[in-house]
Amino acid sequence: MERLQLKLRGRLLLALIAPLILMASCKVMLIGAYDQGTDMAIQKVQTEVSTILVKLETCIENGDTTNVTYKNFTKSYEEIKVDLECLKVRTGAIPKYKVVQDQVNLMYANILNFEKAHKMGNTSAKEIKTYKSTFEIGFGAMIQLQNALKREKK
Amino acid sequence: MPQLNIEDLLKKMLEAAKGSLTKDWQKISGVATSSLKALAQNLVDIEEMKLDGTITQEKAALMIDMQKNTIKIVMLTEKGLGLLAVEAAINAVIGVVKDTVNTAIGWTLL
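First to last, the sequence lines map onto chains A and B.
Quick note: the first sequence uses this note's numbering, first residue 1, plus one each step.
Quick note: the second sequence uses this note's numbering, first residue 1, plus one each step.
No wet-lab data here; the hints were simulated from the structure.
Quantities reported herein were computed from a predicted structural model and do not represent experimental measurements.
Errors might be hidden in some of the hints.
Claimed, not checked - Capping the alpha-carbon separation at 25 Å, the derived lysine to any residue pairs in SDA-like fashion look like this:
1. K98/B to V28/A
2. K55/A to T65/A
3. K98/B to A109/A
4. K37/B to K96/A
5. K98/A to I90/B
6. K27/A to G82/B
7. K50/B to G63/A
8. K96/A to I94/B
Use the sequences and the hints to build the structure in full.
Written out as structure tokens, the structure reads:
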């Protein structure tokens, strides 16, 4: 009888401690780990977009109606789209990175819209100001999340 | 005649976010709020440009779509920050459990 009680007590102790052991051995991650490649790629695309916007702004300020047209920027848009395609693949391959992948897809949609608008011509200074603001906010938000993913202790 | 007023628009955007997030509203960062304010201003500017003929209807639609996408990007960052906050809380609790069990037992079990 005593042996049975000891056996039951042992099993009860194990049943109580086992989940605690399991919990304590796992570090929970609800969102993917920081990936430097993704972070750098986002910043690269941001620089490329800023380059287009600064060039457009300068052309408009100087009244340069020739160099402001879309055909002078086709290579730039192509490079941005290649970088974003690579970013889509990269973020899709990292576990628990759906939030980041969704952001990349939305930014890609914005680049395509920007390109379509540029093709339409008649780009004004006020229009450029709006695009600048839009991209600054979008990239700013993405970079903010990337920095947070570093999980640096304060 | 411009229909959009930035203060009204921002108020509606923030109320919608607050209504949807309810108890999590407090956690929305200042950066998100200021981002929404800037995006509201962009929408007002787009309307002005359309009304004064600076941009076509088609271009305005593209620019508005860009604002919607950017709002989503900002909210996704807030979602990510929220997940990180919960994750830190869970791991803090696990850490306490670990310390408590080890202290109670008197040796390092966990």
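Of the numbered hints stated previously, which ones are contradicted by the structure, given in increasing order? 3 and 4
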